[in-house]
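Chains A and B, in that order, give the protein sequences. Using the working numbering, the letters of the first sequence map in sequence onto residues 146 to 423. Using the working numbering, the letters of the second sequence map in sequence onto residues 1003 to 1318.
Hints were generated in silico from the structure; no laboratory data involved. By construction, the Cβ of each residue, glycine as well, lies at the ideal position given by its N, Cα and C atoms. Every clue listed holds true.
Under 7 Å between C-beta atoms, here's a sample of chain A residues computed to sit facing chain B: (1) Gly262; (2) Pro267; (3) Ile269; (4) Leu274; (5) Ile278; (6) Leu354; (7) Leu362; (8) Ile364; (9) Arg381; (10) Leu384; (11) Asn385; (12) Cys395; (13) Ser399; (14) Val402; (15) Phe403; (16) Asn406.
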Amino acid sequence: MRKKKLKDPLVWAGIIFMVFLVLLAVFGPLIPTDGKTNPVFDPAGGVHLPYGSPHAFLGSDEIGRSFLQRIAYGARISLFIGFTVQIINLTFGVFIGVVSTYAPKWIAVPIMRLTDGMFAFPDILLAILIIGIIGQGIIPVVVALSITGWPSIARLTKTQLATIKEREFVVAAKAAGAPTSYLVIKHLLPQMSGILLAVSMIDLAGTILAESTLSFLGIGVQLPTPSWGGLINNARAQLNSYPTEVIAPCLILSLTVFSLNFIGDGLRAYFDPKSSNV
Amino acid sequence: MQLIKALILRLTFGVVSLLIISFITFVASANAKGDPAMIIAGEKATHETYLRIYHQMGLDKPIAVRYGLYLNDLAHGNLGESYQGTHEPVIDVLKRSLPMTAKIAILSIILASIVGITLGTIAAVRENRFADRTVLTLSTLGVTLPNFVLAPFLVYIFAVKMDKLPVGWESELRGPEWMYLLLPVVVLSLRPMAMLTRLTRASMVETLRQEFIRAGIAKGVPPFRLITKYALRNAILPVITTIGTTFGFLLTGSFVVERFFIIPGIGSKTIEAILANDVPVVQACVLATGAMFVLVNTIVDLALPILDPRIREAQI
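Let's have the full structure, built from the sequences with the hints guiding it.
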């Protein structure tokens, strides 16, 4: 059916990096160490190794935990939070988008106003407020980022639905007597799935970045659970003597954000060739 | 007349946004964990004292009434007292920290606008040439790189290696204040700068293809004048709208930058208050930051119909 292929090398570079990242997150604990270094909860003191040491090629942190493993665990946290939040946002955003298109006015209008109202507030600010109220940690971060993330998906769903639902095949199905739920599930959502996938990739980058920001600020994921933002925050005091401890998490975070943006942009161009991106 | 109508419409929208923000912060803090009356009264207070404070704070009233009281307090500049330390009035905390944040934010947005619009114009004029590609690549980096990644690199180069600038804020400043503000302002401005560059470029590329530009070239208008007076004036409008939106990113960034450079602004105060579970301060800080965001966006919205007569007519 579709002859066009995903040819953009940047998209493939992004996909390869993300596969590598997932592997790192899954198999992180298996990275060989000298046996004395325990990656997460080891209160026992250890040696603060510089990078390039025999058993820890990124060195170890101030209590002797392998830094590469810390980063691998950070990848776990980032990907877990990113995907969880994205699944919640997609589900809720698409649901709200569909409801505000098809529900009777007295339901749809207040929902639309609420969605617009959410845009009046900068995202991170609201997330910070929510965390300020419910406390810090992984679950509060997921809650805060889910509450702030769905409006953009809802708006996208609504604008997409507005164009698709006037197309001939949808009108024809409707004329043939198909109920709205059937229309939405069988005809409308499959049409949108590509663009939704593309946008969620870009949003996933945003979520991972937001999580790192919160953790960097010290109000997100709390040490000793490693997250990239927390690692950067923790290591910045030793920027002079152990620069890799800041540079490595910065680098892997930046590469993740770049990769997801490349994948998202490539997918969007693939599914929706008419759209231009600024 | 139309202009006045358009301005009133935008002002109303600004006020409504402020109300939404105040409502969100109110609901959030009303649901915060911990009983405010208990915290004010202290653990050892008798039940009578507790009830008296509970009543004084209006906690026994229905939630709608409490929101009304809260708005009334806000209008009188009464934001409650901090739970921590000397129970300082929150308004004093804001008075102390808000000017610093505002100063850095305004300097950053000015820097971002000047550099972003200039670079974007240059890129558009040299479309698809070397200068354009360089600017595009750099701005892509600038949009995606988080500022807590940029900050350590710049600090490492300029403060640690070259030792020209201070690493962070100090309670006793050694040297002029601009030296302490330079790195934070640059770091904070990079992301809005990149966004404005990309937008100016896109908008300029489109404008430069239009017929009146060709007419201008044919008429012999000098290139510099053609670009600044003819093209940029037309291309700048979407850029000005975006200055308002980028201000949101800037406020987000100011949390990170203030924390990184230990600047005593509202961002650091918010984080401190969250870690100390100081709900009134958190609430007031978020409210103040949100209000700044709305204020800037309203100013931008007000500027648009003044600058462009087409918008005046379209929006009513």
